[in-house]
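Number of protein chains: 2
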Amino acid sequence: MTDDDREFVGDLARLRRSIDNLDAAMVHLLAERFRCTDAIGELKARHGLESRDPRREAAQLKRLRFLAAQSGLDPDFTRKLHALVVREVVINHEAVKFGSGAG
Amino acid sequence: MTDDDREFVGDLARLRRSIDNLDAAMVHLLAERFRCTDAIGELKARHGLESRDPRREAAQLKRLRFLAAQSGLDPDFTRKLHALVVREVVINHEAVKFGSGAG
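For the protein sequence lines, the chains are U and C, in the order given. Per my numbering: the first sequence ends with 94, consecutive numbering throughout. Per my numbering: the second sequence ends with 94, consecutive numbering throughout.
Only chain U is shown next, with the shape it has when bound in the complex:
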C-alpha cells in the first residue's frame, strides 16, 4: 500500500464516519417529524378534514427550496424528499382515518 493509498483509506473512513453521524441525526429528526404528522393526522381525522393541504405543501416546498439554496443543498433534491415524506404522511393519515372510522 502506497502513502497515497493509505491517505485515501483514511480520508474515506473519516468521511464515512461523518456520514454515519449525520444519518443517525436525520433518523431521529424524521422520527420526531412523523410523530408530529401522526398527531396532525389524528387531529384532522377527529375534525373530518382531508389528509392533504395543497396550500401548506406548496408553502413547505417553497421554504425547503429557499433553505436548500442557503445551505448548499440542491433545491431539486428537496422536492424529491418532500414528495417521499408527503407520500408517507398521507399513508399514515389514511391509516388513522380508516382506524378511527372503524372504531
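Result set (DMTMM-like, lysine to aspartate or glutamate): computed pairs, CA atoms no more than 20 Å apart in a straight line: (1) U:Lys53 / C:Asp14; (2) C:Lys35 / C:Glu85; (3) U:Lys53 / C:Asp11; (4) C:Lys88 / C:Asp29.
Since the hints were made in silico from the structure, they are not lab data. No experiment lies behind these values; they were computed from the predicted model shown.
Once you've looked at the hints, dock chain C against the given chain U.
The following block gives chain C in isolation, referenced to the frame of chain U:
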C-alpha cells in the same frame, strides 16, 4: 368558531411550527451529508473506483433500520430514503467522474 375549533387551530399551528424547525435542521444535515459524499466522489474518481459500494450500502441500510427501530421511525421508510439519497449520490459521483475524465 367553537372552543374546540380554536384548540384545533392552535394545536395544528404548534405542530406545524415543530415540523418547520425539524425540516430546516434536516435540510442543513443533508447539505452537509452531500458535502461528504461529494468529497468521497472526488476521491473515488481520482483513484478510479466505482461510485457504488454494495457492502457499504448494505451496512448503512442495516444500521439505518436499527436506528429507526430505536427511535420509533418506520424502518421501511429508511429503506426508501436511503434509496433516494443513494440515487442522488450516484448521479453526483458520475458527474464528478465525467467532469474529471474530460479535464
